[in-house]
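Undergrad: The lines below spell out each chain.
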Amino acid sequence: MMEAKALISGIVVKCTFLTSVRLISISLGKKLPVLTKTYVNLLESYLLEISNSIKLVGQKQPPYRFFGEDMKLVLKTALALAVGVATATTASAADELTIAIVNNGHMINMQKVAEAYTAETGVKLNWVSLEEGVLREQVTSDTATGGGQYDIINIGMQEAPIWGAAGWIEPLNFGAEYDVDDMLPAMRNGLSHEGTLYAAPFYGESSMVMYRKDLTDAAGVTIADNDSWDNVKAAAAAMHDPDNGVYGACLRGKPGWGDNMAFITTMVNSFGGAWFDKDMKPALDSDEWKAAINFYVDLLGNYGPPGSEGNSFNEILALYNEGKCGMWIDATIATSFLTVDGVAYAQSPNAGNPVGANWLWAWAMAVPAGSPNTEASMAFIEWATSKEYIQAVGNHPDFGWDKVPTGTRTSTYAIPEFQAAAGFAAAEMAAIDSAAPEATDIKPYVGVQFAAIPEFPEVGSAVAQEMAAALSGAKSVDDALAAAQSAATAIMQEAGYF
Amino acid sequence: MATVSQKSKFGDVFWPIVAWIIALIFFFPIFWLIFTSFKTDADAVKPEFLFSFTPTLENYLNMTENYDYWRFAVNSVITSSFATLFALVVGVPAAYAMAFNPSRHTKDILMWMLSTKMLPAAAVLYPMTFLTKNFLGIFDTHFLVILVLCLINLPIVIWMLFTYFKEIPKEIIEASKMDGVTTWGEIKDILIPLAWGGVASTALLTFIFCWNEAYWTVRLTTTEAATLSKLIEGNRAPEGLFFGRLSAVSTAAVGPIIVLGWFCQKQLVRGLTFGAVK
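Chains A and B supply the protein sequences, listed in that same order. So that you can map any letter, position 328 of the first sequence is 318 in this note's numbering, and since no number is skipped, the others follow by simple counting. In short: position in the second sequence from 1, add 47, done, that's this note's numbering.
The following block holds chain A by itself, in its conformation from the complex (with noise of 0.2 Å):
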């Protein structure tokens, strides 16, 4: 009691404290200098552009405008001017560099690490963590509308061969010392377009089955490497024990292209199926579709935990760390995260056709086109993705070697800290491997659990909302598949594939 009073008085004097400096500091220190300053910069910056009535200071010139420059000037004064807090140009110097990252685990560990970069060069970093479809939603139009709001953006496999030969974002170049022929092949050419690297892996992954062993072992069961879909719903249902809060497999079942679409195409591969076929017409009528959604509903649906189209990443995460899951499939940066006693690794099981039966996916940094301080920005890149800074993660105070960013680079995996610390270096490193994103006799197109063109997101939540109907018996598999396949085509068709 005592001490919930203490801590309680504790967190309230200090709010108070801090509240009232903050306001202090607001009010007096430095709201007025900061006010004056900018006043000043923008009469002197609107001085600038009256004398040479050229280009916004700070700007790209817009492709096409509305008004003359002195109307957008006298609009924008008066805007300016309007309100008391006015319009800085976020356009930061060389020594000022905003970053736009995704607010998982690697990159949230990146913002301490990098405070030895700050310190070594002097470079200032912003970041700017959003959730991953904020992200994508805000970069997007950032990028479509020319760039400057970011110096660095954190983009994923998809996007990074369609933005390089879009022109949106800018060829990496680096020097002999980063040695990109370290970086994971697989990685190096899911992040390229026609051979030229426009995106750094940060982290990646692949997906793999994580299981109980003891679960198994209590249940005589086993799971291989590779195994069979029809092994591992065996083993699934000898594990299922809902009396006693145990569901014999927890797989994606949440509607999106990056949630339950990730794990169906993984499985729907393995069958020899895929999304489109040689002339870019989805192939979702096929009998592959038919017999890789059928099993997935049937195995999720009798051997999942209840209301699984609710469940992606994190739910299952925490389903398994309460011991609620006989087996996972899902990405290998998942192992990082798992507490519970017993896990095992087995590679991705397949149904005749091991390949593209586990993706492919990063994290990458790349250099938006609108960039105004780009060289900067590929120096830091080149830093957070070279072996130095993987050890610098490792010999970190705070971090240590099960938290170094994987899949990146073939030398991490030889490091004999890293393979001492953490357990899953070899399922991983085998999964990535294995993965294949490029094109094949069966696909046309790059990628695994996604195909590498624009209008793939649209398609793949189309038809993730229709799978997620399936699973919740909202459907017939047959009934989802072909309102599936009617919507692909008519979005395939718009685009004009064919």
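No wet-lab data here; the hints were simulated from the structure. Take these hints with a grain of salt, some might be off.
[To be verified] Each computed DSS-like pair below joins lysine-lysine, with the alpha-carbon atoms no more than 27 Å apart:
1) A:393 <-> A:377
2) A:203 <-> B:93
3) B:154 <-> B:164
4) A:102 <-> A:314
5) A:223 <-> A:465
6) B:93 <-> A:244
7) B:56 <-> B:213
8) B:164 <-> A:314
9) A:223 <-> A:244
10) B:313 <-> B:235
11) B:217 <-> A:393
12) B:56 <-> B:154
[What the hints assert, rightly or not] With the C-beta cut set under 8 Å, the calculated list includes, among others, these residues of chain B facing chain A:
13) 112
14) 187
15) 263
16) 282
[To be verified] Just so you have them, the derived chain B footprint on chain A, three or more residues with Cβ under 8 Å:
17) 113 to 122
18) 303 to 310
19) 392 to 398
Built from N, CA and C at the ideal position, the CB exists for glycine as well.
For chain A, the structure is supplied; the task is to place chain B on it using the hints.
TA: Frame of chain A; chain B shown alone:
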């Protein structure tokens, strides 16, 4: 007689209990949020640690040290207060004109204003980004956030004020006109004092709406003018469970508004239920 008093006794006990239960149900998510914010990320997702855990301030320290909570909080205060102020500056005269000097089209204008709320925000995301970034150069400024917050709340402000003003007898305004009061005087000395409850509750609600606005504040800012919604947004993670951290950020973000609502409860309830003049 006896039955009546018994009935009212029963009611005296029964209804407060129902009210308490409902209040507790509504309060539970906030309680859960605050509770979780004192757990570590690992404890936060473990059901066996529901009540038995060692409270930690780690999440709050992380928030202030690594995420610069105060910068976001100050931005939220600045943008919400100015937006509310400007919305009232525009809204009060507009509602005054519509309530006391209605024209043939007043109803249509009111409906039209409301209809602007029906536009899905995502539909204008690209034009907004383009205009504010490339054309006006005010992307990621307090000014832009204030402008947007003010504009999206203006229909509600005008509608609310309009309903309050309509309850004021026209004769009072007419009488003041006879006494030679100017239009500004009418608003300042007669209208606002009479409809004070209404104006206050409108201001409060607008402030709360501004504070909670996430779609635009997240998408039209980068670092300079980012508000608390952006801080919360940035603490969501697709891969990884950081519920302790997220709860701390959320608690710190909703805290000020809950405290504000607490103090102004009376005004809020009166304004919302009885109208301005009674």
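Undergrad: Indicate, hint by hint, whether the structure satisfies it.
TA: Hint check results:
1. A:393 <-> A:377: Status holds; Cα separation ~14 Å.
2. A:203 <-> B:93: holds, 21 Å
3. B:154 <-> B:164: The hint holds at about 16 Å.
4. A:102 <-> A:314: It is violated: about 34 Å lies between the C-alpha atoms, which goes past 27 Å.
5. A:223 <-> A:465: holds, 23 Å
6. B:93 <-> A:244: holds, 22 Å
7. B:56 <-> B:213: Since the Cα atoms of residue 56 (chain B) and residue 213 (chain B) sit roughly 39 Å apart, the hinted pair is violated (cutoff 27 Å).
8. B:164 <-> A:314: violated, 44 Å
9. A:223 <-> A:244: holds, 21 Å
10. B:313 <-> B:235: holds, 23 Å
11. B:217 <-> A:393: violated, 71 Å
12. B:56 <-> B:154: Violated, at roughly 48 Å.
13. 112: violated, 10 Å
14. 187: For residue 187 (chain B), the interface hint holds, since the closest Cβ of chain A sits about 5 Å away, which is under 8 Å.
15. 263: For residue 263 (chain B), the interface hint is violated, since the closest Cβ of chain A sits about 12 Å away, which is over 8 Å.
16. 282: Holds - the Cβ of residue 282 (chain B) comes within 8 Å of chain A, reaching about 6 Å at its closest.
17. 113 to 122: holds (count 6)
18. 303 to 310: Three-residue rule met by the segment 303 to 310 of chain A, so holds; n is 4.
19. 392 to 398: Answer violated; 0 residues pass the 8 Å Cβ test.
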